[in-house]
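Enquirer: Now for the letters of each chain:
Protein chains: 2
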Amino acid sequence: MVINAMEQIMKDLLDEYKGRLQLNCTCSTCLDDILALSLNKTTPRYVTNIEKAMYIKAEFIDKQEMTSLLVKLAECAKIVSDHPMCDNYQ
Amino acid sequence: MVINAMEQIMKDLLDEYKGRLQLNCTCSTCLDDILALSLNKTTPRYVTNIEKAMYIKAEFIDKQEMTSLLVKLAECAKIVSDHPMCDNYQ
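Protein sequences appear in the order of chains Y and L. So the first sequence is numbered by the numbering used here: it starts at 1 and just counts up by one. So the second sequence is numbered by the numbering used here: it starts at 1 and just counts up by one.
Treat each hint with caution, since some may be false.
The list cannot tell twin chains apart, which means a pair is met if one copy fits it or any two copies do.
Listed below are the simulated DSSO-like cross-link pairs for lysine-lysine, each with C-alpha atoms no more than 30 angstroms apart in a straight line [as the list claims (entries may be wrong)]:
no.	residue 1	residue 2
1	LYS63	LYS52
2	LYS52	LYS78
3	LYS78	LYS63
4	LYS78	LYS41
5	LYS11	LYS41
Bear in mind the hints are in silico, worked out from the structure with no lab data behind them. Treat the numbers as computed from the prediction; the structure is a model and nothing was measured.
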């Protein structure tokens, strides 16, 4: 089993900030699109079990690291908001 | 749901070539370590459903793309084989 620890970190960050990202649509399709796009722009941190993912998460307690993730998330939120691909906008 | 399409591609490649990578140990811990290390060196390709992962897989039918993945896999296999962290070697 391998897990990219960044998946949960980015998901938690999106959950926390989705109310402040000025999203045109907050359906699950758009949120998944934002998440996938953000993860494609983020260096992966694969670990072989869930306990090891905690060590990666601990690194991102550092404010500067977390801010750089949030910047990526905001950029991707803008891209998806400008071009939503979900059923609500087709 | 988001999936890194590279996970399955790299896993399939490891399954196919593990007999030819001169591994000192082929236990599941060592194979996972090789997989995690290779994925950390590979640009992620996140998609939002399993059908879309097929399109990414199709790109890697291209021989040059697949060879560059295999080179990464072989490098990581050497690192793990030189320093196995599994119970068999502790």
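Enquirer: Confirm or reject each hint.
Expert: Against the structure, the hints come out as follows:
1. LYS63 x LYS52: within (21 angstroms within a copy, 34 angstroms between copies)
2. LYS52 x LYS78: Close across copies (22 angstroms), not inside one copy (32 angstroms); limit 30 angstroms.
3. LYS78 x LYS63: For LYS78 and LYS63, only the intra-copy Cα distance (22 angstroms) is at most 30 angstroms; the inter-copy one is 36 angstroms.
4. LYS78 x LYS41: both (14 angstroms within a copy, 28 angstroms between copies)
5. LYS11 x LYS41: Classified as both: same-chain Cα gap 14 angstroms, cross-chain 22 angstroms, threshold 30 angstroms.
Checked against the numbered hints listed earlier, the structure breaks none of them; every hint is satisfied.
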